[in-house]
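Please work from the sequences and hints to get the whole structure.
Those protein sequence lines, which keep their order, are chains A and B.
For the first sequence, position 33 matches number 33 in our numbering, and the numbering has no gaps at all.
In our numbering, each residue carries its 1-based index in the second sequence increased by 1000.
Check each hint, because a few of them may be wrong.
[Claimed, not checked] Computed cross-link-like contacts, SDA-like style, restricted to lysine to any residue with a CA-CA straight-line distance of at most 25 Å:
| id | chain 1 | residue 1 | chain 2 | residue 2 |
| --- | --- | --- | --- | --- |
| 1 | A | K24 | A | M11 |
| 2 | A | K136 | B | V1071 |
| 3 | A | K136 | B | P1026 |
The set of hints was computed from the structure by calculation and includes no laboratory data.
Keep in mind that this is a model prediction, so the values were computed, not measured.
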Amino acid sequence: MIASLIVLLGMVLSVALTTLAERKVMGACQRRIGPNKVGYVGLLQPFNASLLLNYVADGIKLILKESVLPLESSNLLFFAMPFFTFYLALLNWLVMPLDFGVAVGELVGGGLLVIVAISELGIYGVIFSGWSANSKYPFLGALRSTAQMISYSVGLSLIMLTVIFTLGTIDLLEVITAQRSVAVCFALFPMVGLFMISAKLNTISLTYLLPEAESELVSGFMTEHGAFPFACFFLAEYCNMITISTLFGVLFFGISVASGAHIALLFFMIWLRASLARLRFDQLMSAFWSHMLPFLMGYIMFLPAFLYTFDILS
Amino acid sequence: MISFIWQAMGLIALFACMFVVSALNPVNRLVMLIVVYLAGSFMYTIMDFYFIGLTYIIVYVGAIAILFLFVIMMVPVHVDFSTPKTNSYVFPIMVLGIASLALGFLVFNSMTGLDSGLVAYFYPSWATSYIAFSDVYTLGFMIYLAYPVSLVLIGLALWVTLIGIIPLTSI
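Put into structure tokens, the structure is as follows:
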């Protein structure tokens, strides 16, 4: 109980700092300083107390704002879904390994399945929040984001399957243990690249690029959400980003948050966001269904044969 | 405590089933259907069938229900509030009623301890069967050996739904 509380509080705190990191990296990519007024200018700025206070203040501002309920919306779903999304985003961390042999909780025989199931449930937060607002643009945005998330979560599941094939376990702690001698990233190098891409696209964390799409949709599925419900979506997205980055380290490198493994993919995501133009939506979908998925299916057919051959030869 | 949670989940699933039938908005019906799936997966998980429980969520909730949602949300559904012709409902309701009454009677009997009720064959320790067999084996034994009567009754209910769709949609 206490352990989970500590981990979840740390999670929320690191979400706040991730937002800062994103703004700083984006600033660096665009040759400007980024936010530097609140704390003391310098490298240690994220750890500056007054800056933390600023983020707390941001949170308080969002909490104190009035939550507006759209007319004829489905009230219960409208209010419940942001909290549901945030809850699911945090739930991952109860099974996520923190280091070699260290995890808050472990479902023996669950492992990766739990994480896949949670990410599938997270889709409902998006689609229902868009639908319940009873307004056109959130609804269109929700359908779009849902289609995107479903596609790329299929991809993620298939990539996880290759790791499961290779290591012969779905238990996350065992996945880390199995990679003590050599990381699986060398054997599954194509999957590393594909995981990075689909991780970026599965978390709706092109935060505010494709889902939010200011030019076509007003603000995506969360157009009508303001104040604290919006803050929940915001936190949930960054939390998902950190989760998926950690999962990347766990699956392919056998290291977890304790080694700071997630920083690399997190930086990569932000870097992509800052440097690449966003795809058109149909390009995004065809990139998955007609390019990535056939490759993944072929790889999954190929991999067991490959492993089996090695078993015979050894 | 565990059995209490298990029974509570069963009750939630039952009430959610009723809402699936009775709610007016199709999307709300689907929300309730998702609740049914989730409660079912939770019941499996409580019985230590992690794989089946989680697969329930991944397959039914994550894929099938989303498909339904897409269809229902994007197709304009006009709900007809006018009184339906009652005789088209009579047959399905009758069979469903009989099946659920029989099932309820069996459950009540087994809960009060009057009778072994649902259980046709009682394996002395299911706990050891987890070690000897896999999840799917154990579940198969439970369904086909221990609870055949309820399997037949539930099959009857499923059959009624299949046939009931024909009179319901031909109004």
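For each hint, the structure was consulted:
1. A/K24 / A/M11: Given that 25 Å is the threshold and the Cα spacing comes to 20 Å, the pair holds.
2. A/K136 / B/V1071: holds, 16 Å
3. A/K136 / B/P1026: holds, 18 Å
Violated hints for the displayed structure: none, as all numbered hints are satisfied.
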